[in-house]
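Going down the list, the protein sequences come from chains A and B. Last residue of the first sequence? That's 436 in this note's numbering, and every number before it is there in order. Last residue of the second sequence? That's 436 in this note's numbering, and every number before it is there in order.
If you're looking for bench data, these hints aren't it; they were derived computationally from the structure. Cβ atoms here follow ideal geometry from the backbone N, Cα and C, with glycine treated the same way. You may find that some hints are simply not true.
To be verified - Now the in silico label distances, taken between C-beta atoms and shown as ranges:
{"hint": "1", "chain 1": "B", "residue 1": "ARG266", "chain 2": "A", "residue 2": "GLY429", "range": "53 to 61 Å"}
{"hint": "2", "chain 1": "B", "residue 1": "ILE421", "chain 2": "A", "residue 2": "ARG283", "range": "46 to 54 Å"}
{"hint": "3", "chain 1": "A", "residue 1": "THR250", "chain 2": "B", "residue 2": "ARG258", "range": "26 to 34 Å"}
{"hint": "4", "chain 1": "A", "residue 1": "ARG400", "chain 2": "B", "residue 2": "SER256", "range": "49 to 57 Å"}
{"hint": "5", "chain 1": "B", "residue 1": "GLU384", "chain 2": "A", "residue 2": "GLY364", "range": "52 to 60 Å"}
{"hint": "6", "chain 1": "A", "residue 1": "THR250", "chain 2": "B", "residue 2": "ASP288", "range": "30 to 38 Å"}
{"hint": "7", "chain 1": "B", "residue 1": "ARG370", "chain 2": "A", "residue 2": "GLU291", "range": "42 to 50 Å"}
{"hint": "8", "chain 1": "A", "residue 1": "ASP289", "chain 2": "B", "residue 2": "THR399", "range": "40 to 48 Å"}
{"hint": "9", "chain 1": "B", "residue 1": "ARG400", "chain 2": "A", "residue 2": "GLU262", "range": "29 to 37 Å"}
{"hint": "10", "chain 1": "A", "residue 1": "TYR366", "chain 2": "B", "residue 2": "SER256", "range": "51 to 59 Å"}
Said to hold, decoys possible - Chain A residues, not near chain B, derived (Cβ > 10 Å throughout):
{"hint": "11", "residue": "SER304"}
{"hint": "12", "residue": "LEU305"}
{"hint": "13", "residue": "GLY323"}
{"hint": "14", "residue": "PRO325"}
{"hint": "15", "residue": "GLY340"}
{"hint": "16", "residue": "GLU346"}
{"hint": "17", "residue": "GLY406"}
There are 2 protein chains.
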Amino acid sequence: MGETLRFVTSNRGKYEEFRRMGSRFGVEIEMVEASYREIQSDDLEEIALDSCRQLAGSLGEGFFLEDAGLFVDSLGGFPGPFSSYVYSTIGNDGILRLLEGEEDRRARFVSVICHFDGEYHLFRGEVVGKISTEKRGEAGFGFDPIFVPEGHTRTFAEMGPKKDLISHRARSSEIFFRTLAEGSARCCSG
Amino acid sequence: MGETLRFVTSNRGKYEEFRRMGSRFGVEIEMVEASYREIQSDDLEEIALDSCRQLAGSLGEGFFLEDAGLFVDSLGGFPGPFSSYVYSTIGNDGILRLLEGEEDRRARFVSVICHFDGEYHLFRGEVVGKISTEKRGEAGFGFDPIFVPEGHTRTFAEMGPKKDLISHRARSSEIFFRTLAEGSARCCSG
Numbered sequence: 247m248g249e250t251l252r253f254v255t256s257n258r259g260k261y262e263e264f265r266r267m268g269s270r271f272g273v274e275i276e277m278v279e280a281s282y283r284e285i286q287s288d289d290l291e292e293i294a295l296d297s298c299r300q301l302a303g304s305l306g307e308g309f310f311l312e313d314a315g316l317f318v319d320s321l322g323g324f325p326g327p328f329s330s331y332v333y334s335t336i337g338n339d340g341i342l343r344l345l346e347g348e349e350d351r352r353a354r355f356v357s358v359i360c361h362f363d364g365e366y367h368l369f370r371g372e373v374v375g376k377i378s379t380e381k382r383g384e385a386g387f388g389f390d391p392i393f394v395p396e397g398h399t400r401t402f403a404e405m406g407p408k409k410d411l412i413s414h415r416a417r418s419s420e421i422f423f424r425t426l427a428e429g430s431a432r433c434c435s436g
Numbered sequence: 247m248g249e250t251l252r253f254v255t256s257n258r259g260k261y262e263e264f265r266r267m268g269s270r271f272g273v274e275i276e277m278v279e280a281s282y283r284e285i286q287s288d289d290l291e292e293i294a295l296d297s298c299r300q301l302a303g304s305l306g307e308g309f310f311l312e313d314a315g316l317f318v319d320s321l322g323g324f325p326g327p328f329s330s331y332v333y334s335t336i337g338n339d340g341i342l343r344l345l346e347g348e349e350d351r352r353a354r355f356v357s358v359i360c361h362f363d364g365e366y367h368l369f370r371g372e373v374v375g376k377i378s379t380e381k382r383g384e385a386g387f388g389f390d391p392i393f394v395p396e397g398h399t400r401t402f403a404e405m406g407p408k409k410d411l412i413s414h415r416a417r418s419s420e421i422f423f424r425t426l427a428e429g430s431a432r433c434c435s436g
């Protein structure tokens with residue numbers, strides 16, 4: 247394909263993940279910082295779509311953004327769409343503290359991509375798992391040191407690039423990049 | 247004055263407080279439910295102003311709304327502008343748990359009113375205090391059972407209507423209602 251896609255984010259960790267995943271599909275990702283206001287909602291799709299709409303006028307076609315969150319079952323889905331704010335205030339230690347003595351440690355990471363190419367397209371990826379009892383690992387960012395995906399014993403932060411194969415972001419971006427590739431194949435085969 | 251002001255909220259507890267406080271200034275408050283989207287920001291003024299702007303077109307002149315939050319010092323200001331979401335997920339128990347063993351229990355409640363009368367006017371009220379070590383009291387709503395204002399021993403939820411004299415909301419609304427009364431006096435004296 248050889249396409250370059252603009253990814254709107256101020257989070258370099260996210261950008262690096264998308265860049266690595268895109269390269270497997272022949273998509274080059276360019277990091278673009280642009281300012282927009284996320285709305286408060288418990289629905290990631292709604293937040294991502296609203297953000298995408300805010301930027302469509304100024305950026306034009308051919309960009310995407312992503313909203314992601316960690317949803318902890320026994321905390322009613324907290325921190326959910328507010329993961330970034332919660333991470334920057336109470337952090338991993340805060341989540342561990344809220345779960346002290348809690349047996350139900352189930353959680354899931356969700357990623358929603360919004361791509362604007364004249365129309366808005368949403369792609370969702372999820373990974374279920376559980377919250378560890380202590381922080382482990384140095385890779386990744388955010389809540390990665392306390393999230394252990396189902397079927398694994400290591401946290402996302404202990405996995406390094408292997409996280410790219412199984413994460414919520416791997417799943418949303420795989421659907422996204424495959425859809426792009428198919429569209430591009432359709433467009434150019436006729 | 248005999249004026250009726252529309253207050254946009256879906257929180258009956260807040261409405262009751264404003265109604266009681268308004269009556270001391272001769273202002274009648276009508277509760278109006280109207281849908282708007284709060285933005286994510288750590289600045290209550292910015293959130294309130296944005297919400298007010300969203301509603302000005304449909305509601306016209308003569309309404310106000312309020313955004314409030316509990317800011318806990320040792321938690322980096324958490325839950326702050328996301329107090330309503332945090333209350334509905336981890337609740338008072340969550341905040342108490344995050345502060346277990348913590349000596350620094352300082353916190354403040356902040357209320358920001360945005361009033362639209364053709365122009366936008368912002369009014370801020372704050373009350374400092376500390377987070378109690380357990381929930382106490384049945385009155386009020388939200389984080390009232392764990393907040394003890396400075397110079398007092400009872401929580402807001404133990405105070406009942408006495409909260410109306412010292413709360414963040416008492417302070418923001420007093421400035422608001424006094425400003426209204428002065429404007430109204432100016433307008434009608436000439």
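Here is how each hint holds up against the structure:
no.	hint	in the structure
1	B:ARG266 x A:GLY429: 53 to 61 Å	holds, 59 Å
2	B:ILE421 x A:ARG283: 46 to 54 Å	violated, 27 Å
3	A:THR250 x B:ARG258: 26 to 34 Å	violated, 52 Å
4	A:ARG400 x B:SER256: 49 to 57 Å	violated, 44 Å
5	B:GLU384 x A:GLY364: 52 to 60 Å	holds, 55 Å
6	A:THR250 x B:ASP288: 30 to 38 Å	holds, 34 Å
7	B:ARG370 x A:GLU291: 42 to 50 Å	violated, 34 Å
8	A:ASP289 x B:THR399: 40 to 48 Å	holds, 42 Å
9	B:ARG400 x A:GLU262: 29 to 37 Å	violated, 51 Å
10	A:TYR366 x B:SER256: 51 to 59 Å	violated, 28 Å
11	SER304	holds, 17 Å
12	LEU305	holds, 19 Å
13	GLY323	violated, 6 Å
14	PRO325	violated, 8 Å
15	GLY340	violated, 6 Å
16	GLU346	violated, 7 Å
17	GLY406	holds, 29 Å
Checked against the numbered hints given earlier, this structure breaks hints 2, 3, 4, 7, 9, 10, 13, 14, 15 and 16; the rest are met.
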